Amino acid sequence: MSKYIFYPGCSMESSAKAYMESLNTILEPLDLNLEEIEDWNCCGATEYLGLNLIPAYSLIARNLALAAKQMDGTKTVVAPCSACYLNLAKADHYMAERPALGDKVNEALAAGGLHYTPGTLDVRHLIDVLVYDVGLEKIRSKVVRPLHGLKVAPYMGCMLPRPDYQHRWSDHERPTELDDLLRALGADVIDYPLTTECCGGHMTQISPETAFELIRRLVADADERDAHLMVTVCPMCQMNVDAYQNEMNHFFGTDYHMPILFFTQLMGLAFGKQPEELGIGVEMVSSRNALADIGVEVPVTQDPSAPRKKDEGLPMPRRWTKHEGKEVVK
Amino acid sequence: MPQMTDERVRAGFARQEDLSLLHEVSMKTAGVSRLEMCIQCGTCGGSCPSAADMDHTPRMLFAMLRAGIREEVLRSNTPWMCVACYHCVVRCPQEVHIADIMYTLKGMAIKEKLFVDSTAPDFSQTFVEMVETYGRSFEMGLASRHYLKHFPMRLPGMMPMGLGMLTKGRMAMTPNKIKNIDQLHNILERAKTLEMTS
Ligand code: SF4
Ligand code: SF4
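Quick note, the sequences are listed as chains A and B, same order. Throughout, the numbering used here is defined as the position within the first sequence, counted from one, plus 251. Throughout, the numbering used here is defined as the position within the second sequence, counted from one, plus 304.
Have a look at the derived ranges for each label pair, beta carbon to beta carbon: (1) B:GLY473 to A:GLU348: 35 to 43 Å; (2) A:VAL551 to B:ILE485: 38 to 46 Å; (3) B:GLU376 to A:GLU388: 50 to 58 Å.
These aren't lab readings, by the way, just hints derived from the structure by calculation. Predicted model only: the values in this text are computed from it and were never measured. Just so you know, even glycine gets a beta-carbon here, dropped at the ideal spot from N, CA and C.
Based on the provided sequences and hints, a complete structural model is requested.
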């Protein structure tokens, strides 16, 4: 049993519940023990860093300080979210690179009776641990239902392989870790050059036109390459591509239907788990048809986002240009 | 760079180089920014997925920083359009910490109330308020507050999505709160009194 300190991050409890549920099913087969950081707090996502430097880094560092108290036998902190991973790694790295920052952050932490010495922990993403510690051999050995015939677009996202302070990834722009893992599950991995392009991040909230174009590129490219679905390693990427796909379609007048699942959900499937245990079916863009192609039956969940039966009815605003200022191309 | 002679400055052909803005931004950035190492090659703008929506490419912005034109820099939408994808960062031949510099510029623009569009600063502010109150982020509270204020016209289109997220258990109605919230408050209160001075 290999033990790791675990930083789940806020979305694992809500929008990315499916990620957490599916992760829980693969721990035992892979002999993994994730010990959650006691009373961890939000990492600030991409918001706090742009507001106020020392508080932003102190917020992140409280988690590192708490994690360091739980070291007992391991110094690796695992985060399943790319944004959380980057924030934790960033704080650890910059507190060392710029001792003045480390001092200030520790001055703040002291107000809460905490301290963190940069370099104490290794901050790693879940997929890094699965590919490099657990290993593809072991993962392959647990596959009882190979995903043969499932064409998947491996979407790594941007914040995971970059900026890569500790040189953990095979490449910054075309890393192969996710491809390799999905291949070990028997999936048919398509060539997906956009694998580390951005999903729009928080732009869905502040500049939707910018975000929609980024989402459109990702989805359109996966679609053109005949992917059944996209596979992600990050709650934020999943949320943007999944929950905003409908609005993106509306915006461009397109009708893409590209489901996006977490890699742990596919691991669970390949390990013989049932879709219900893996949170499959709670995605907004249903993976039902895609999985039916390989004989996996996804239970029907009520889907209020399904298109309305009648086309008449109240007209819905297609765009919101006037009110939000920016001109949008028709 | 050759030293400008006093005569040229006096004659009005050139001005004394004032790098105070460049140094200020560099100092306020988390790590060692390497901002002063920029060679204006333009790789950053060429790698940037948001460049089309930016007032200035990162390269231009850094030239403006060096030129010391503070207000133009802080009014630029460039840092707000940066999605922090780190493409430019891994390609920059000078290893300038471009994305972190963008964060610094956002913080400075907010402090000096120079950025005109309030959507992005408000979103960050609302997010941070939730985190400071609960210790965790709270998507539901965040989204509803933000959309009502900035994108009321998007709400009708968003309702089915929000409803779907709720019925599928992907959005909580109530926030989670950490146990030792007092400790977090104390840390953040102290942190807010601190600034990078060297
Ligand atoms: S890529 Fe780096 S060196 Fe080139 S212009 Fe951008 S910041 Fe300057
Ligand atoms: S990190 Fe920001 S500036 Fe750099 S390429 Fe990405 S969006 Fe552009």
